[in-house]
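Starting from the given sequences, assemble the full structure and let the hints guide the process.
There are 6 protein chains.
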Amino acid sequence: MPIVRVEMWTGRTHEQKAELAKEITDAVVRIAKTSADHTIVIFDDIDKSNWAEGGILASDHK
Amino acid sequence: MPIVRVEMWTGRTHEQKAELAKEITDAVVRIAKTSADHTIVIFDDIDKSNWAEGGILASDHK
Amino acid sequence: MPIVRVEMWTGRTHEQKAELAKEITDAVVRIAKTSADHTIVIFDDIDKSNWAEGGILASDHK
Amino acid sequence: MPIVRVEMWTGRTHEQKAELAKEITDAVVRIAKTSADHTIVIFDDIDKSNWAEGGILASDHK
Amino acid sequence: MPIVRVEMWTGRTHEQKAELAKEITDAVVRIAKTSADHTIVIFDDIDKSNWAEGGILASDHK
Amino acid sequence: MPIVRVEMWTGRTHEQKAELAKEITDAVVRIAKTSADHTIVIFDDIDKSNWAEGGILASDHK
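As they're listed, the protein sequences go chains A, B, C, D, E and F. Going by this note's numbering, the first residue of the first sequence is number 17, and it counts up by one from there. Going by this note's numbering, the first residue of the second sequence is number 17, and it counts up by one from there. Going by this note's numbering, the first residue of the third sequence is number 17, and it counts up by one from there. Going by this note's numbering, the first residue of the fourth sequence is number 17, and it counts up by one from there. Going by this note's numbering, the first residue of the fifth sequence is number 17, and it counts up by one from there. Going by this note's numbering, the first residue of the sixth sequence is number 17, and it counts up by one from there.
These aren't lab readings, by the way, just hints derived from the structure by calculation. Honestly, I wouldn't trust all of these hints.
Any copy, or any two copies together, can satisfy a pair, since identical chains are not distinguished.
With a Cα cut of at most 30 angstroms, we get these calculated BS3-like pairs of lysine-lysine [to be verified]: (1) K49 - K64; (2) K38 - K49; (3) K64 - K38.
As the structure is a computational prediction, the values presented were derived from the model and not from experiment.
Structure (structure tokens):
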């Protein structure tokens, strides 16, 4: 039943996402006592031009 | 006032979304007693390579 | 696989949510060709003091 | 620590987002007493074909 | 049409939210050329026991 | 920079969340090559009466 949503800057590879999905699911199943089949992990790639910290878009940081 | 967000795998057609938007809005208006004009439905197409169940990305499922 | 999220003002009854969950799931299954078992509907009750339109919190509207 | 998420139709320019990120961050820092460095603003461009009001996709509105 | 979502730790007053809603809406209307009536701002108060940075829940930070 | 959001049914203890926050952050840092300080994990406890699968609210499942 848990839904995990991971927002990261664009650029992670398929392998990184596959490994993250596996490790996060393992942690959720082990710690929160759920079943893997009911654990959903969703990745949301966000472009640096759509992400600001300190009031400045990450794509504009020097 | 209600906002409905539908996350589905990429691949639904414009017609399917138009029909879903209409039926979901109708249900919300009828059951939750809101007005259609204030009901927003947003679709979020998620690639199978960004969606994992059972710790495995959907694009890697055989 | 679809996840539907419904944000509404606090105040809908259990019966209204149960009926909405059923009708939205039926629409998604029928139109988007998914299975009901893999369709998740989540309700998020939002207090009027946390929701603004026109720059004014709904709890402050006369 | 605040995270601000702005969902708008596709079409805003980089300059508009940069200005919005700055003004929203300024407002959050000043009013909510946080630090700019810990304020994140994320933009989510949503296509009109994925956004419905009144049960009709915005891309289908005449 | 824009929807702005502000996630902050629990503790902001009604006055702070009212002021933030007004200023954010003003900025969105002015910069993104939308109308105030179609701009929604939603606040999501998150308890420190539900928010971690550096792998440590904020409620556990010394 | 990554933001991880975990939606689970109400009922997980503070200890479970603390452990999950730590393990998820570790995984994100190690696999996605980010720094722990910039990794945020947010938990969202969802009541079973607000979560439906198969068109039926979890609180109504026998």
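Against the structure, the hints:
When the C-alpha separation of K49 and K64 is checked against a cutoff of 30 angstroms, the pair qualifies only between copies, where the shortest distance is 16 angstroms, while the shortest distance within a copy is 35 angstroms. With identical chains, the CA atoms of K38 and K49 are at most 30 angstroms apart both within one copy (16 angstroms) and between copies (16 angstroms). For a Cα distance limit of 30 angstroms, the shortest separation of K64 from K38 qualifies both inside one copy, at 26 angstroms, and across copies, at 15 angstroms.
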